[in-house]
Amino acid sequence: MRIPCPTCGDRDRREFYYVGDAQIINRPSPEASEDIWNDYLHNRDNPAGVTKDLWYHENGCNSWLVVTRNTRTHEVQHAELVTKLKGDGS
Amino acid sequence: MRFSGLKILKEGLTGNKGWTNHWRDPEPKQEYDILIIGGGGHGLSTAYYLAKNHGLKNIAVLEKGYLGGGNVGRNTTIVRANYFLPGNSEFYSHSLKLWEGLEHDLNYNVMHSQRGLINLFHSDGQRDAFARRGNAMINQGDDAILLDTEGVRDLLPYLDFEQVRFPIYGGLYHPRGGSARHDAVAWGYARGADTRGVDLIQNCEVTGIDISQGRVTGVQTTRGQISAKKVGIVVAGRSGQVAAMAGMRLPIESHVLQAFVTEGLKPCIDHVISFGMGHFYISQSDKGGLVFGGDLDFYASYAQRGNLPMKEHVMEAGMTLMPMIGKARVLRSWGGIMDMTPDGSPIIDKTDVEGLYIDCGWCYGGFKAVPASGYCFAHLLATDKHHEFASGFRLDRFKTGYGLIDEEGTGSQHNLH
Ligand SMILES: Cc1cc2nc3c(=O)[nH]c(=O)nc-3n(C[C@H](O)[C@H](O)[C@H](O)COP(=O)(O)OP(=O)(O)OC[C@H]3O[C@@H](n4cnc5c(N)ncnc54)[C@H](O)[C@@H]3O)c2cc1C
Ligand SMILES: [Zn+2]
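Taken in order, these protein sequences are the chains called W and P. The first sequence maps to residues 0 to 89 in numbering that gives the first Met the number 0. The second sequence maps to residues 0 to 416 in numbering that gives the first Met the number 0.
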């Protein structure tokens with residue numbers, strides 16, 4: 000499995016650390032309810048098919064990436080820098 | 000049909016013509032009292048104990064493929080009761096006791112072999128942790144013996160003791176631990192449930208859950224609608240999808256775990272061994288194949304196969320621990336879909352929908368749990384009360400933070416187990 004890092008190009012999966020569903024980049028506000036925090040921290044759509052998940056290019060450029068991937072086939076379709084998706088400083 | 004030595008002898012002498020199917024292949028009825036979704040180890044044992052312990056008759060197990068085609072037939076078959084935390088400890092202890100009586104109970108040879116499990120340790124810190132775990136096991140009433148290097152050498156002379164990187168300081172020996180033939184466990188429970196009147200319906204995928212005014216009323220399947228008073232979801236890696244049919248999102252991420260088997264060899268590994276410094280565990284099947292595995296691939300997956308990096312890692316760990324296996328040729332490898340929870344412990348609970356129950360989150364350790372999970376989930380389904388040995392496996396523990404069972408002590412967060 001290779002991940003197309005926007006800065007480094009196609010790189011071996013071993014260079015990356017996997018975090019999980021990309022919903023993790025949308026942190027609720029500290030005042031949000033217990034249910035919202037529980038949903039954010041624990042509950043997952045866990046789709047069989049196309050998903051977006053968060054990877055860290057730890058043995059590369061140290062970027063956080065949102066990777067579009069198929070959980071049935073392991074096909075990696077696309078990778079996007081989190082900073083680009085969210086703007087710098089978020 | 001009862002199995003016995005005499006029966007085998009008689010069949011052997013008369014051309015093996017008297018064996019019959021182990022279970023029926025019934026058409027689904029219009030309505031059942033209890034429907035179990037999923038014909039893996041846990042679904043089948045639940046149905047069995049519903050019939051056996053609670054005298055219930057009108058039950059069906061709905062399986063989308065064939066019985067035992069999921070994780071129950073894909074695991075590395077380690078059976079043990081060496082858990083540490085309250086909540087887990089009493090549950091797995093109960094499970095091991097059920098294992099010890101299982102073959103007589105089911106009249107089925109599940110090849111349960113208590114050949115002893117040895118968890119190796121490689122540092123002072125690990126030794127302390129295992130000593131503490133061993134004491135917890137003894138307090139629970141199970142068996143544990145702390146071995147030093149020489150003690151390990153007596154049992155496992157073929158390990159690489161001299162290596163400098165991961166010297167073997169000793170091992171925690173659990174003599175009652177061992178393995179079993181995984182398919183036979185599914186088949187034994189299937190036959191036991193069928194004999195007690197449970198309908199086992201294969202090639203029947205559940206595609207929807209019918210809910211009316213907050214109460215479950217039945218399910219939609221590829222073989223038509225089936226009504227039911229109660230429904231139990233027991234679908235392991237597919238828990239997320241089936242729960243979504245009832246509008247639920249679960250604290251579960253499905254990951255792939257791989258396993259490997261070599262060509263058949265003469266008996267050489269008499270125990271189940273786990274390496275404490277690289278995720279690696281191994282035993283030898285009765286056919287002679289070395290059965291071994293390692294860690295998750297560590298990304299969400301439903302592919303039931305893994306990638307090469309974890310294969311390489313597992314082989315490296317094996318070679319580090321016991322170089323003698325280097326000449327064995329790997330015959331096959333495969334993967335299963337693991338229902339991973341944030342704290343690494345399972346869920347046996349009611350849901351917010353009345354009459355709908357769920358048993359899931361077995362991560363990579365649910366084979367040994369097959370007897371007790373079925374036993375306790377059947378108790379919950381039949382009586383609406385949590386069984387005392389499974390009362391900690393609550394769904395709401397993640398939300399409240401109360402009663403988390405983080406056996407590894409790494410934190411209750413996805414991807415840490
Ligand atoms: C490689 C590997 C090694 C492992 N090693 C060990 C070990 O050494 N020791 C240990 O204790 N555990 C081990 N495990 C874990 C253990 O195998 C699982 O935790 C356990 O088998 C899961 O429960 P189950 O048997 O009910 O799951 P499964 O056998 O997966 O049963 C679930 C069933 O539900 C069915 N299903 C899914 N969706 C639907 C639907 N919509 N409608 C109808 N049916 C549906 C599936 O087809 C499947 O048959 C291992 C697992 C793997 C993959
Ligand atoms: Zn990069």
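Since the hints were derived computationally from the structure, they do not count as laboratory data. Where hints are given, some of them may not hold.
Said to hold, decoys possible - Label-pair distances were calculated between CB atoms; the ranges are:
1. P/Gln219 x W/Ile24: 33 to 39 Å
2. P/Asp127 x W/Pro3: 17 to 23 Å
3. W/Ile24 x P/Thr399: 37 to 43 Å
4. P/Gly207 x W/Ile24: 40 to 46 Å
5. P/Met323 x W/Asn58: 45 to 51 Å
To be verified - The list that follows gives simulated cross-link-like pairs (lysine-lysine, DSSO-like), each with its CA atoms no further than 27 Å apart:
6. W/Lys51 x P/Lys310
7. P/Lys398 x W/Lys51
8. P/Lys228 x P/Lys286
9. P/Lys9 x P/Lys28
10. P/Lys28 x P/Lys16
11. P/Lys398 x P/Lys96
We put the CB at the ideal spot given by N, CA and C, even for glycine.
Hints, one by one, checked against the model:
1. For the pair P/Gln219 and W/Ile24, the supplied restraint of 33 to 39 Å holds, since their beta-carbon distance comes to about 35 Å.
2. Separation of P/Asp127 from W/Pro3 is about 45 Å and departs from the stated range, judged on CB atoms against 17 to 23 Å.
3. Taken as a hint, the range 37 to 43 Å is violated for the pair W/Ile24 and P/Thr399, whose Cβ atoms sit roughly 25 Å apart.
4. Checked against the given bound of 40 to 46 Å, the beta carbons of P/Gly207 and W/Ile24, roughly 32 Å apart, lie outside it.
5. Between P/Met323 and W/Asn58 the beta carbons are some 33 Å apart, a value that contradicts the proposed interval 45 to 51 Å.
6. Of the supplied pair hints, the one linking W/Lys51 and P/Lys310 holds, its CA atoms being roughly 25 Å apart against a limit of 27 Å.
7. Annotation: proposed proximity of P/Lys398 to W/Lys51 holds, straight-line Cα distance about 24 Å (limit 27 Å).
8. Proximity of P/Lys228 to P/Lys286 is assessed by CA-CA distance (about 44 Å); at most 27 Å being required, the pair is judged violated.
9. With a C-alpha separation of about 37 Å, the suggested pairing of P/Lys9 with P/Lys28 is violated against the 27 Å cut-off.
10. This hinted pair does not check out: P/Lys28 and P/Lys16 have alpha carbons roughly 32 Å apart, beyond 27 Å.
11. Taking the CA atoms of P/Lys398 and P/Lys96, the gap is about 32 Å. The hint is violated against a cut of 27 Å.
Violated hints, in rising order: 2, 3, 4, 5, 8, 9, 10, 11; the structure is consistent with all others.
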